[in-house]
Amino acid sequence: MVRAVNPRAARFVTSLAFLGGLTLVVVLDRTGPPVSPVSTLEVRFTEVARQAGIDFVHQAPALDPKLDNVAPLVAALGACVSVADVDTNGWMDLFFTNSRFGAPNALYLNRGDGTFREAARQAGLADLNRAGEGVSMGAVWGDYDNDGFEDLLVYRWGYLQLFHNRGDATFEDVTEAAGLRHWMNANAGVWLDYDRDGVLDLYVGGYFRSDLDLWHLAGTRIMHNSFEFATNGGQNRLFHNRGDGTFEDATEAMGVGSTRWTMAVASADFNDDGWPDLYLANDYGPEQLFLNRQGERFELVDAGLTGDSKSGMSVSLGDLHNRGRLDVFVTNISERGYLFHGNNLRLNFLPELDRFEETATGAVADAGWAWGAQFGDLNNDGLLDLFVVNGYVSGDRDRDYWYAMSKVAGAQGNIFEDARNWPAVGSLSLSGYEQSRVLVNRGAEGLQDVAEATGVTDEYDGRSVALADLFNRGVLDVVVANQRGPALLYRNEGDPGRHWIGFRLVGRASNRSAIGAEVTIEFGDVRQRQVVAGGMGFCSQNDRRLHFGLGDAARVDRVTIRWPSGRSQVIERPAVDRKHVVVEGEPVAVRD
Amino acid sequence: MTDAALTSSPPAPLRALARINPKYLIVFLITLVLVLGQARYGILGGYQPLVTALGICLLTEAVLSRLMRGRVANLSSAYITGISLSLLIKPQANILWPFALGAFLAIASKYVLAYRGRHLWNPSNFAIAFLLLTASRHVAILSHQWGNEIATNAVIWVFGLVIAARARVLHVTAAYVLSFVALAVARNLVIGGPLVVELAPLTGPMYQLFIFFMVTDPRTTVSTTRGRVVVAGLVAALEAAVRLAGDFHLSLLRPFYPSPPILALALVGPLAMWWDLRRRRRAERPAA
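Line by line, the protein sequences are chains A and B. Read in order, the letters of the first sequence are residues 1 to 592 in the numbering used here. Read in order, the letters of the second sequence are residues 1 to 288 in the numbering used here.
It should be emphasised that the hints constitute simulated quantities derived from the structure, not laboratory data. Glycine included, C-beta positions come from ideal geometry on N, C-alpha and C. Some clues are possibly wrong.
[As the list claims (entries may be wrong)] Label-pair ranges, simulated between beta-carbon atoms:
id	chain 1	residue 1	chain 2	residue 2	range
1	A	307	B	151	53 to 61 Å
2	A	396	B	190	16 to 24 Å
3	B	241	A	255	32 to 40 Å
4	A	307	B	224	40 to 48 Å
5	A	349	B	254	40 to 48 Å
6	B	151	A	570	32 to 40 Å
[Stated by the list, open to error] Facing chain A, according to a computed beta carbon distance under 8 Å, are these residues of chain B, among others:
id	residue
7	143
8	154
9	251
[To be verified] Examples of chain A residues lying across from chain B (beta carbon under 10 Å, computed):
id	residue
10	306
11	344
12	400
13	403
14	443
15	444
16	446
17	472
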C-alpha cells in the first residue's frame, strides 16, 4: 500500500534541495583548484631579454587583401624560437623567425657572459622572408649530414629552406641540391631518424593547402571545412635522408600524409618498440599517433585519441609522474562561456593498454587560448613542470570577436570554409591579453599555476616557448616568441641549492645530433625518462642537452641511454651538478 | 482530384505514425540526434556526461513525482531532458558536476517553479540558462557542428519536421525559424557584412536541438495556436535584440552572447506561460 507523503513537507524539502542545487552551482563555479604557496626561492623568473641583448620583435605576415576581413586571425602565426649550439662553443644560441616580407629572422649567438650577439645577416639566415619565396613559420636544428655542426630547416608559408652549417656560424642554402624545394604552407617540422639508418629524416606538417599562394589567391575558399573534423588542410610530408645530402619524398610510401591542419609534431618511441613514432596535434581535428612499424611504414592508431576532437596547437613530451614513460601534453582553446576544448594531458599506457589516458583538469586543462608549451624541471625538484604560453589576438581590450565567431563556428562547414563569409575582425581581440601559465608539479597534488608568484606576468600573444640552460648554471631558462611582440627571456633565478644533472649526447652509429635518444635516470625511487627531440612544442625546439632536476638527492644511481641505433649504454653513479658529454659507445667525459 | 482521392485514407506508414503518441516520436527524434551525432562526430565527448545527466534526470523525476504526486511519472520527458543536457552542456575538461547539477535542477524546476500546477520553464532550457549565466567559468554551450556534411543536417531536419507536424507543433518551429530569418535579414541591413553569417547558426546542431525540443515543448508553451506563434516570434525578437547588442559589443549583455536563443527563451517562455495561465484562470471564473 502506498503511503501518502505530506504534500507540504514534500514541497518544502524539494524546494530546499532545489535552492541548495542553485547555490552549489554558484559555489562550485567560483571554487578554483587549491594552490600551495610557492616559495620565491623555489621558482622565480626575471625577464632579461633587453639586458641580454635580445631585441627581436616579431612582425606578422601581410597576406592577400582578399583575406582582409580575417587577416588578424589568419596572419597570427610565425613567431617561433629554436635553440641550438650553432657555433659549438658550449653555449646555447637562439634563432627567432619573423613573418613579414622584408622583416629579418634573428640568430642570437650566446657570448657566454650573459649576453647575446645578433648574427643572422652574417650567418645568411636573416633575409628569408621574401615575396615569391614565402615567410618563416618556424625552424628546427639538426645535423643532417653528421659533420658535427647543427644545420637548420626553416619551414615557411612558401618554400622550405635547408641551410647547411659551414662550421663557422655561417650557412649555405642547400635546399635545391637537397631536393627540398617544395612549396608548403607549413607550421610544423621535426627531425627524426625513422628508419634508424644513422641520418636524420624530416617530417613537415602542412597547414594551409600547398597549392595556395597566400599572397595571390584565386578565391577565398581556403579555410577549414569543419571545426572538429577538418581534413582539407595541407598535406604533411616525410622526407627520407638518402645519406648523401639529398632527400626523397617518402610520404606516400610510409603512410603519413595527413591533411588535418597539423599545427605541431613530436617524435619519440611511445610504445617502447625501439622505433620513433610521430604524434600530431591538429587544428580543427583529433590528434593523431602514427606508430612506426620497424621503419617500413607508419600505422595510424586510435590510442584513445580519435574520440576527442579539438584544436591542438602544441605537442610536448615529458615523464610527468616519473614512471619511465613519455606522456603527452597538447594545448587547446578555452574561453569562458564560449568554449572549453581544454588542454590534454595524456598519460602514456601504450605498452600495456595500447592507449593514452586523458587526465587534464582545472588549471592544466584551461590555460586560455594556449599555444606553445614545454615540460621541464623549472625548480630542480625532480618533477617535470609545464610552461604554457597563450593569447591569440590582442586588439581592443573591451571588444572581442568571440560572439562574432560563434555565429559561424557552429554552422555548416561549407559556410566558414569560405573566408569571405567570416565577420570582419577589425581591431577586435580574440582571447587577447592572456597571461602565460607556470604549472609547477606538486606530485600527488598535481600541477598548480604559480605564474604570477614567479614573475611571469606578460600579456603578449605567446606562440612559441623553448627551455634551455642558457647560462650553463644548471637551471632551465625560458625563451618566448610572441606574435607581433618582443621576444622574452625569463632568466631562472630559482634556488641554486638543489641538485641536477645534465647530458649532451653525441651520436656515432646514431645520428650525430642524437635526436631520438632516450635517457632514463634512476635515483632513490625516482625513474625519469627524457628524449632528445628534433623539435617540440609549437614551432620550437628546446636545448637538446637533457636536464634533470634531482631535488635534495646528491646521487644518481644509474643512467641508461638508449641510442637511436638500438645500442644501450649504462652509466653508474655519474657525478651530479654537472653536464656530462656522452659520445655513443665511449666512456663518459665530465664537463664543468 | 476525385472525391474518392480526397476521402481515401493516408498510406499505411503515415497511419501507423498517426497512432503513435507524439511524446514517443520526440523520444525517437532525440535518440536519433544522439546516435547520429555520437556515431559520426563523437558529439558527446565520452559517455560519462550521458550517463550522469540521463541517470540523474530519470532518478530525480522518479523520486520527485513519487514524493509529490504519489506515483512515478512517465519518464519520457526526463529522458528527453537528460539527452538534451548531455548534448548541449560543454563544460571544462573532465568535470561532471554541471551535468549532475544541471540534470537535478532541470527536473526539480518542474516541481518547484510551477504556477497553477504547470511548470513555467522548459526543464533543460532552465538548467542550461542558469548554468550559462552563473557558471560560465566552467560551462559553455554546444559549439560543434555536423561536420561538413549536408546529409546529417538533412536527416535531422526531415525527421524533425515530420515529427513536429505529427506533434502539432510545426507552427511553433515555423514561426521561430521564419522570425529568425526575417530578423537576421533586418539585423544584416543594420550591421552589414555577409547575410549568410547571420543565417549560419540555423545550420548547427545547437539550433536544431533548440528548434525541435526546446521552443516547441508542449508543456511549456501557451494554450492557443496564435499565442504559440506570437511567443515563438517574441523569443526570436528578444534573441535578435541580444544579437544586435552583441554586434555592437554592448558589454552589459556579454553573458547572453554565447547562446542568445536559450537565454531569450528562458526569459520569454515563463512570462508567456504565466500570462497564459493567469488569463485562462480568469476565463474559467464564473461571471459575477
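Hints and how they fare:
1. 307/A <-> 151/B: 53 to 61 Å: violated, 21 Å
2. 396/A <-> 190/B: 16 to 24 Å: holds, 21 Å
3. 241/B <-> 255/A: 32 to 40 Å: violated, 53 Å
4. 307/A <-> 224/B: 40 to 48 Å: holds, 46 Å
5. 349/A <-> 254/B: 40 to 48 Å: Since the Cβ atoms of residue 349/A and residue 254/B sit about 42 Å apart, the hinted range of 40 to 48 Å holds.
6. 151/B <-> 570/A: 32 to 40 Å: violated, 59 Å
7. 143: Hint on residue 143/B: holds, closest Cβ of chain A at ~5 Å, below 8 Å.
8. 154: This interface hint is violated because 11 Å lies over the 8 Å limit.
9. 251: holds, 6 Å
10. 306: holds, 8 Å
11. 344: With a minimum Cβ separation of about 8 Å from chain B (threshold 10 Å), the hint on residue 344/A holds.
12. 400: With a minimum Cβ separation of about 8 Å from chain B (threshold 10 Å), the hint on residue 400/A holds.
13. 403: The hint holds - residue 403/A has a Cβ within 10 Å of chain B, the shortest such distance being about 4 Å.
14. 443: Because about 20 Å separates residue 443/A from the closest Cβ in chain B, which is outside the 10 Å limit, the hint is violated.
15. 444: violated, 18 Å
16. 446: Interface hint status for residue 446/A: violated (12 Å vs cutoff 10 Å).
17. 472: Check failed: Cβ of residue 472/A comes no nearer than 38 Å to chain B, outside 10 Å.
Checked against the numbered hints above, the structure breaks hints 1, 3, 6, 8, 14, 15, 16, 17 and satisfies the rest.
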